[in-house]
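From first to last, the protein sequence lines are chains A and B. For what it's worth, UniProt numbering labels the leading residue of the first sequence as 1, then goes sequentially. For what it's worth, UniProt numbering labels the leading residue of the second sequence as 1, then goes sequentially.
Worth flagging that the hints you see were computed from the coordinates, not collected in a lab. Where a beta carbon is used, it is the ideal one built from N, C-alpha and C, also for glycine. Be aware that one or more of the hints could be misleading.
What the hints assert, rightly or not - In silico contact screen, one side only, chain B against chain A (beta carbon under 7 Å); selected entries:
no.: 1; residue: Val43
no.: 2; residue: Leu129
no.: 3; residue: Ser231
no.: 4; residue: Ser235
What the hints assert, rightly or not - Far from chain A, some chain B residues (derived; all Cβ distances over 12 Å):
no.: 5; residue: Arg9
no.: 6; residue: Leu80
no.: 7; residue: Ala103
no.: 8; residue: Lys104
no.: 9; residue: Leu113
no.: 10; residue: Leu124
no.: 11; residue: Pro126
no.: 12; residue: Val145
no.: 13; residue: Arg164
no.: 14; residue: Asn210
no.: 15; residue: Ile252
no.: 16; residue: Gly259
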Amino acid sequence: MTFSTRALLGATALCGLGYAAAAQETTTITIATVNNGDMVRMQGLTDAFNEAHPDIELEWVTLEENTLRQNVTTDIATNGGQYDVITIGTYEVPIWGNQGWLAPLDDLPAEYDVDDLLPPIRAGLSVDGTLYAAPFYGESSFVMYRRDLAEAAGIAIPDQPTWEDIKAAAAAMNNPETGVHGICLRGKAGWGENMAFLTTMANSYGARWFDENWQPQLDSREWKAAITDYLELMTSYGPPGASSNGFNENLTLFQQGRCGMWIDATVAGSFVTDPNNSTVAEQVGFALAPDAGQGKRANWLWAWSLAVPASSDAPEAAKTFIAWATSKEYANLVAETEGWANVPPGTRTSLYENADYLAAAPFAQMTIDSINAADPNSPTVQPVPYTGVQFVAIPEFQGLGTTVGQEFSAALAGQKTVDEALASAQEIATQTMTEAGYIQQ
Amino acid sequence: MARAVSTQRKAVNTALAWGVALLIAFPILWTFLTSFKPEPQAVASPPVWFGFDWTVRNYVDVQRQRDYFDYFWNSVVLALGSTALGLVIAIPAAWSMAFVPGAKTKDLLMWMLSTKMMPGVAVLVPIYLVFVWLGLLDTRIGLVVVLMLINLPIIVWMLYTYFREIPGEILEAARMDGASLGREILYVLTPMAIPGIASTVLLNIILAWNEAFWTIVLTTTNAAPLTKFISGFSSPQGLFYAKLSAASTMAIAPILIMGWFSQKQLVRGLTFGAVK
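All chains should be modelled from the sequences, with the hints used to inform the complete structure.
Here is the structure:
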């Protein structure tokens with residue numbers, strides 16, 4: 001064998017080894033996510049991530065919200081390790097963080113600028129000051145109303161309305177003969193459906209789920225006042241069949257000009273002002289969620305966030321992806337490709353200081369004001385032993401919230417009185433909390 | 001002698017049959033129509049029946065977001081694989097129960113069927129743990145076994161019913177001629193039971209194709225079938241009805257077409273032995 005042949009073979013072997021080493025260094029991470037506009041957009045921008053990080057390959061699993069919750073819970077509880085990045089909300093993060101199911105995000109790079117995250121959102125995603133998930137988009141709730149109908153009815157909805165203002169406006173705009181209902185609110189049973197709204201409404205009336213000793217308070221006069229007013233609003237000025245209406249149903253009604261007002265997630269602001277889908281896009285006004293003079297507004301706080309399960313076998317690659325997807329640079333990338341109005345809202349202070357964003361999103365200022373008005377660590381007028389604004393951050397709440405939601409949905413459908421629904425709710429809550437060991441007998 | 005039926009009665013019966021058929025098929029027809037609507041028209045109230053802006057945009061968007069054919073191929077492998085494996089186990093089991101029944105055969109059959117009444121979620125954690133230990137999560141082979149086990153009681157029951165219709169004397173004659181047990185099952189019993197086996201196969205392919213609990217829980221990307229494909233297009237926040245309808249149409253189309261062509265066989269199989 002000549003020297004040159006040997007050299008050629010040696011070089012080929014080295015190249016082969018180098019290629020094999022490079023191939024081995026590629027890490028594949030599996031991302032579990034939900035199906036909504038912002039998440040779908042993120043999947044479409046995967047190429048940009050791959051360009052910056054060719055050593056990390058992304059695999060997506062998109063699931064319906066409840067299915068995702070079930071799959072991810074099963075996987076983490078059994079240490080299955082199927083997912084490296086999971087999409088979870090402000091309800092799960094405190095519970096799962098406490099249980100050691102999530103890897104702490106305390107080593108994000110300096111350029112990530114963790115201090116830029118909106119304080120209420122950051123608080124909702126932290127346990128004892130440690131961040132366990134990075135917010136992808138955040139939301140509160142606010143009032144969306146038809147400016148043209150309000151004007152025609154001769155009323156003005158203040159930027160910071162009370163429930164009395166809302167009642168008066170609903171009565172003035174209600175005109176079922178023309179197919180317009182004064183107000184549309186959630187009625188479909190579920191802890192994340194009607195109970196998200198009703199818990200915030202009750203908060204603003206001075207109610208709370210539990211006292212400091214975890215004793216249920218659903219039979220209190222504050223809860224009764226809140227539920228009575230909710231039923232009065234819906235039966236007098238709401239659409240028919242409201243007990244089966246959730247976010248999507250009300251969104252459809254509002255976009256088709258059938259609601260004078262709608263109190264729901266701030267993320268709906270971009271949907272109702274989108275002229276491609278909304279017939280009333282030019283006529284929508286925004287106001288903060290109402291209060292009842294108790295010092296708390298009826299607005300919630302939620303953030304779809306990205307976290308790394310403790311069972312992941314590629315935590316570093318997962319964190320790299322999360323740092324990219326929730327960064328300022330990602331917001332700029334979306335703005336370049338899809339326009340500023342499509343940037344995921346409600347996570348960073350800098351976005352709300354950006355003149356381009358504020359010009360493109362008419363709901364931006366009201367969104368940030370709503371988010372800042374929510375405090376997950378002090379959600380109610382009276383003290384409570386739990387965190388969470390529109391939920392109670394304990395594992396039992398999913399089941400409890402949905403069962404209680406069924407009681408209130410039945411009351412809305414006319415199958416129960418307020419007193420009957422509240423008495424049942426109190427009994428269910430007492431039983432659940434006793435069985436779970438919160439109440440010692 | 002066949003009973004005489006008046007023309008008027010025939011017309012009423014036909015109209016009634018069409019009415020019931022339309023009622024049953026309506027959700028599928030509505031899903032199909034919605035899949036061609038733009039999103040705002042998909043949720044319009046009052047609903048738009050045919051006078052909408054027909055578009056295939058939803059299908060294009062669905063395919064762009066997720067590759068349908070990956071999921072389709074997994075569905076095919078899981079449905080065929082689990083049915084084939086089920087037959088290999090169920091044919092000998094049904095043979096022994098039909099031709100050499102023991103004192104507890106009936107009880108055994110009832111017990112097998114009773115396992116179908118247990119909700120899957122009750123055994124989710126143990127099965128998930130077994131899959132973790134055996135490294136079977138997100139693998140086709142793992143799901144083939146699970147789907148086979150889920151449908152095995154139905155396969156055994158159906159085959160048992162068909163085998164009972166076959167005279168035992170024929171099998172005895174084969175034995176007299178010196179056929180071994182394996183030959184007896186393979187060359188005598190199976191050919192005679194082909195119609196029954198065919199309808200069992202068809203029904204189990206449909207059941208495996210539609211199974212949407214284990215196939216969603218035990219997979220992520222590699223073995224995910226069409227049930228997971230559809231699940232990803234559902235959303236409680238945001239309007240995706242038209243895309244969801246397009247994804248559903250794509251997922252049910254193959255099994256619907258298969259059912260259409262084999263409906264005679266299916267009906268015959270399901271009503272086999274019903275009248276004696």
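In rising order, the numbers of the hints this structure does not comply with: 10 and 11
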